[in-house]
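Sequence lines, in order, name chains A, S, U and L. Quick note on numbering: the first sequence equals residues 1 to 367 in the numbering used here. Quick note on numbering: the second sequence equals residues 1001 to 1367 in the numbering used here. Quick note on numbering: the third sequence equals residues 2001 to 2351 in the numbering used here. Quick note on numbering: the fourth sequence equals residues 3001 to 3351 in the numbering used here.
The reader is advised that the hints may include incorrect statements.
[Claimed, not checked] Which chain U residues face chain S? A few, computed with CB under 8 angstroms, are given here:
id: 1; residue: GLY2058
id: 2; residue: ALA2060
id: 3; residue: GLN2100
id: 4; residue: PRO2133
id: 5; residue: TRP2201
id: 6; residue: SER2345
[Said to hold, decoys possible] Once the Cα atoms are required to be at most 30 angstroms apart in a straight line, the calculated DSBU-like pairs of lysine-lysine come out as:
id: 7; chain 1: A; residue 1: LYS246; chain 2: A; residue 2: LYS274
id: 8; chain 1: S; residue 1: LYS1246; chain 2: A; residue 2: LYS246
id: 9; chain 1: A; residue 1: LYS246; chain 2: S; residue 2: LYS1235
id: 10; chain 1: S; residue 1: LYS1235; chain 2: A; residue 2: LYS248
[Said to hold, decoys possible] Just a few of them, taken from the derived set where beta-carbon distance is under 10 angstroms, the chain S residues facing chain U:
id: 11; residue: LYS1147
id: 12; residue: GLU1149
id: 13; residue: VAL1153
id: 14; residue: ALA1164
id: 15; residue: GLN1173
id: 16; residue: HIS1176
id: 17; residue: THR1182
id: 18; residue: ASP1353
id: 19; residue: HIS1357
Just so you know, these hints were derived from the structure itself, not from any lab. Computed from a prediction, not measured in an experiment: that's the story for all the values here. We put the CB at the ideal spot given by N, CA and C, even for glycine.
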Amino acid sequence: MVRDARKMTRAAKPDESPAKPSRPEQQRFPPMISQSNELPLEAPLLLQLHDLMVKARCLEERLIAMYKSGHGYFWIGGPGEEAFNVALGLLIKKGQGPAFDYLHFHYRQSATLLAMGEDPMGAIRQMKNVAADPYSGGRNFAGHFAKKEWNLVPVSSPIEVQYAMAPGTALVQKRHGGDGITIVTGGDAGTAEGDFATCLTWSSRPGQELPVLIIVTNNRWGISTPAGQVQAVEKVSDRGVAFGIKSKTIDGNDPIGAWLELKEAFEYVRTERKPYLVEANVSRLFGHSSASGANYVTNEADCITRFEERLEQHGVLTRAQANALREKYATEFADLARIAKEEAFPDGQTIWDHVFHGEPGRDPFPR
Amino acid sequence: MVRDARKMTRAAKPDESPAKPSRPEQQRFPPMISQSNELPLEAPLLLQLHDLMVKARCLEERLIAMYKSGHGYFWIGGPGEEAFNVALGLLIKKGQGPAFDYLHFHYRQSATLLAMGEDPMGAIRQMKNVAADPYSGGRNFAGHFAKKEWNLVPVSSPIEVQYAMAPGTALVQKRHGGDGITIVTGGDAGTAEGDFATCLTWSSRPGQELPVLIIVTNNRWGISTPAGQVQAVEKVSDRGVAFGIKSKTIDGNDPIGAWLELKEAFEYVRTERKPYLVEANVSRLFGHSSASGANYVTNEADCITRFEERLEQHGVLTRAQANALREKYATEFADLARIAKEEAFPDGQTIWDHVFHGEPGRDPFPR
Amino acid sequence: MANIAQAVRLALHYAEEHLGVTDIFGEDVGPPLGGVFTCTQGLKTTWNSPLDERGIIGMAMGIAMAGGRPVAEIQFCDYVYNTIDLLKLAGNTYWSSNGQWNLPMVVMTPVGSGIRGSIYHSHSFDATATHIPGWKIVMPSTPLDTYGLLLAACRETNPVMFLIPKALMRVKGDELIPGEPVEDKALSKLIDAPLGDRSKWVPQWPTLDEVIIPIGKAKTVRTGSQVTVVSYGRTLPMCAKAAEALAAEGVDAEVIDLRSLWPYDWDALKASIEKTGRVVFVNEDTEVTNFGEHLMRRTTDELFYKLLAPPKLVAGKFVPGIGLADPLEAASVPQQHDIEAAIRSTAAMAP
Amino acid sequence: MANIAQAVRLALHYAEEHLGVTDIFGEDVGPPLGGVFTCTQGLKTTWNSPLDERGIIGMAMGIAMAGGRPVAEIQFCDYVYNTIDLLKLAGNTYWSSNGQWNLPMVVMTPVGSGIRGSIYHSHSFDATATHIPGWKIVMPSTPLDTYGLLLAACRETNPVMFLIPKALMRVKGDELIPGEPVEDKALSKLIDAPLGDRSKWVPQWPTLDEVIIPIGKAKTVRTGSQVTVVSYGRTLPMCAKAAEALAAEGVDAEVIDLRSLWPYDWDALKASIEKTGRVVFVNEDTEVTNFGEHLMRRTTDELFYKLLAPPKLVAGKFVPGIGLADPLEAASVPQQHDIEAAIRSTAAMAP
Ligand SMILES: Cc1ncc(C[n+]2csc(CCOP(=O)(O)OP(=O)(O)O)c2C)c(N)n1
Ligand SMILES: Cc1ncc(C[n+]2csc(CCOP(=O)(O)OP(=O)(O)O)c2C)c(N)n1
Ligand SMILES: [Mg+2]
Ligand SMILES: [Mg+2]
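Between the sequences and the hints, there should be enough to build the whole structure, so can you do that?
This is the structure:
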């Protein structure tokens, strides 16, 4: 089903213009949702997008609840980025090895994983840092996914380093042939690190252009610092121009627009084997992380609310259905959390495991 | 005299167009010298530019000769960049403290120093690494100048780090008031380091724009690697655009054009207190350094030859005068080198000096 | 009583007013947040930087070159590792220019484990920092030492690395910073930013006195005759507690808070080790090529024939990270019982 | 006989042909130069990278993640210090992902003094590298060891840091690499690129045999009974020479080439130190928080009561740089006479 979604655009006239990206708003003004009078996607895909967005939101809300009730030490995640992240996840070519997409993600992408079909129990286990956490065995923070089967390289806390690594997987893919690409994502503030420029340089070497979809989700914040205070760059996508990289700013709060724009970008990178820079304007709905309270903010656009209004308006979904869906997932994740709470933490002696590949874990020193 | 030069443009109609910068040439094609039928500068300034260019070339040739005869272990310097570097030096506001210009240079700027009035003996002593080397006391390579009296911060070998520091001196200058600015220079290949992007970001923070003249001398090489092989960026100056930084590519092989363009750039930065990015296309006339042989190459434009042709053509200078000038400096620097060859190397025990400011140099450990 | 976060703030306030500090900056250092640990709330020269550690260190170097006095923060020392070249450059600029360009600059950064920070908020930086020549390096373990050492750092004319043990950030001292109100919570009312909207808040700074704790001076936290324990930062109070606990068993340990890692107070260590003949070094950085190993080497070099027992190091395990789950962190960095065991066994050794 | 630069090239050629190496890259690594030390001339998978060390390490990590086998070069280790965060990340990725993502990658870089490299072409990297968990670290001192260790590195499934002592780059070995022509200069004719235009040159590779020197195994260069000398890289041949010279004075030193810094061959060191009762560690990195200090600590931990003399470290002085002028370099890093003096005095000590 996930793979099918990659071909689910309504058979459109080639020049039918998709939802136009809005210009990035100035600091503090939530990006507007693009509106068009006709929905350019088929109902099943619209409902799938919605379902996954709600599922992702409910999962993050459960993780926050776990944090607040002491079942986890730190929360960070992606509420506010569901529209974009779900669309992204549906378009990914999932699998292991260079024929499939390599994923260099940051810490706000639970929705992308769910859209790819991931079991939500993994995120819950990582939140609770139990030994069964499939991503890090209780070693890493929430949202720090890693899944080799799906080419998902470990999400790491240091901002922007993924942009330095992404060209490497893409190089192998370019040589390998086929249509596997590399996708790298990060936030707006992080583009101030030199690694963002590194990614632009290394992805666009003349004659060695690499199939990298370079994504920046712009929520106009770095923790407490507004973007407009520290960066003159108005559109992050402008950074690609000097490198000859096709670049675009899109409305990441609109799942339909995001889906269409991403589809175009994916197709370009898959077939041209060249980089494409997408800046997606998104919201940050629960602040930066648990360190800043993890409470719902009311001054940013909520992609789910807006999408539901639009779906209702077009008769694709009823309020009752939307409520039922939320209820269903909320219950489901509460149940999963109850299970995780009973699970075992990793044993202290396991710190020696996986220091070196191919070698049994052991303390190198006698104690 | 040096300071006067800053005002020596011919009283021009404001719209009189200076020598146009040529588009950067593709790899391997030497940048063209801009030609105009009338020389837009007064003869005294033209002769001063020429004199300093020749002086700088002769100095570098002497340093190379020292290297080749075993009086120095490593040579690196600026032959090929004299046209640009002399113009730059003449426009600098020389002195100590934030009222004057701060200079974050790289290793090809002997011509800039000479244009500022520096005694060439310093470069010769540094080449010979004697204790009297005024820049590093025999500690550092040729071309690694440092002169606090003139706000010349130490040239350091690591490529591009100067771009990360330059905004710092500029911040103090912006606050201090006056017209002192910060000038930072480096090569084209080095712009691939993240620090170049760092400089763009930190110089252009909204409302905190800094008076930095950001210069890249583009010789289309990084040691043995042609620029076109590793960077898609066609004009380095394009990198400034996304940051809202005024940016221009100029012909750095033409001293007249360079002088006029730099004058405009200096005036902008001095008065607007905002960054300006100048890319100067230049030649590399003796290869990268002594490690690549330090022999004159014949396939790049020589700014001195071309300038002399032009001056001759306009009757400003005769061949005989040009030859005599070269002769004079060659002899002068050969004499200086003979003196330096007799000077003492630093004593081994001085390694302990200047580890910490305000403290006598001493080995912290008993031996 | 001030905690360490407040002590940093008080010191920086004093330094802004009296020591010429011109710029206190870093990621989220300025308003509204005033630092992820609140260390820079309400100060007048703070500002928020771009998210770029190389830019932060470069900016500090440039400000120092032009006669400013910067205090730059790296939000967590875990994120300083892409700037080591710049730190090395800051440490060699005075030397490379043969005594022309000294850089009066302070870099402060929270270090260490103890807040369940997982792989990237638990790093130690003492081993790496002490291997970089040209820097002075300090790491207080009490609020008063924080205050006094930070003032000393802001007076220095060389680069100073100010390491703040984040596990102790909220621990109150038992000594008053001269000028802080005696009454509990009074200080908080004066200088802690309120929750919620802070746009109109201004701090009420108490009038502070200058306390300079010279860089390079250790502090004896407990005197003892049988074994010397040398530590700093998070593990220091654990060593003090361990010594108290062991006193009941008849083990008499002397505990020294090194406070300054470079230069360090060898005279104090030497005198103590000569007296006790035994020494345990404790820190939580990973144990291979660890600063405690340097101190052990110094001990061996100069005091080998006076030792009654082999000098001992208790440090972090040589694993790639500190895991989030409690058992992982507990197994990775020294805990109270590890320190007690090391002191006990060392004290028991006889030649 | 091959020198070290040629040995690197032969090994990489073998690794391209037989061990699956896919990318040998870095600044000026590809044609026409083939590396500033000629280590990568004529190889088929070389390419020139942008001037961006962070990009180089990141690229290597990415290639390794996608199943390639990269050998990345940092032109001089002096320029690796803005990538320490990435090196740490490469070292912790397998651990952080709980055993999912291992990174088979080699980073090679020339290290050390001895070529009048001044402040920025004389750095050592062993102290910094050994403090980063998750890496294997090797540093050969002969061409054959270079060949055998580089093959081992290219077979590893973990990150390997391959440190090349640049002072020894042109020194020929006294053992043949299996397959290289016996006759002097013949190898050069086959595989050294000509001066001038190289666009049409192709190397003539000899048919080579595989030699794997296991990472983690030291080599006893000279047996002796009185004092153990442990070194690697540039200082190793100096130690061997010192031992020879001292033999004439009746001092019988055993010299061990550590070759692998992590993991290191503790069994070999232990056996030797147990036999001699005395040990001198020699390297040229700056001496504070130095890897030799770790080895001393290990010695103290396990062999204290067997020592007949205090273990000793001879290392680089703790100054911000190595100056260009000869007297400066000579005063900064261990010289023959420093090593001899240390061995002599250690050998002379009795309990
Ligand atoms: C190298 C590095 N520096 C600092 C931090 C601390 N930090 C974590 S998230 C963050 C802000 C990131 O902002 P942005 O890149 O816009 O992503 P967002 O969180 O807004 O999605 C900071 C400074 C870090 N994790 N890594
Ligand atoms: C960080 C760093 N990496 C590598 C080097 C080695 N290196 C010295 S000069 C150079 C090429 C510089 O090219 P460019 O920036 O174009 O300046 P140019 O020498 O051409 O003027 C390199 C790679 C260095 N000095 N610093
Ligand atoms: Mg953001
Ligand atoms: Mg260049």
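Verification of the supplied hints:
| no. | hint | result |
| --- | --- | --- |
| 1 | GLY2058 | holds, 3 angstroms |
| 2 | ALA2060 | holds, 7 angstroms |
| 3 | GLN2100 | holds, 4 angstroms |
| 4 | PRO2133 | holds, 7 angstroms |
| 5 | TRP2201 | violated, 22 angstroms |
| 6 | SER2345 | violated, 29 angstroms |
| 7 | LYS246(A) to LYS274(A) | holds, 9 angstroms |
| 8 | LYS1246(S) to LYS246(A) | holds, 23 angstroms |
| 9 | LYS246(A) to LYS1235(S) | holds, 17 angstroms |
| 10 | LYS1235(S) to LYS248(A) | holds, 21 angstroms |
| 11 | LYS1147 | holds, 7 angstroms |
| 12 | GLU1149 | holds, 9 angstroms |
| 13 | VAL1153 | holds, 6 angstroms |
| 14 | ALA1164 | holds, 3 angstroms |
| 15 | GLN1173 | holds, 7 angstroms |
| 16 | HIS1176 | holds, 8 angstroms |
| 17 | THR1182 | holds, 8 angstroms |
| 18 | ASP1353 | holds, 7 angstroms |
| 19 | HIS1357 | holds, 4 angstroms |
The structure shown violates the earlier hints numbered 5, 6.
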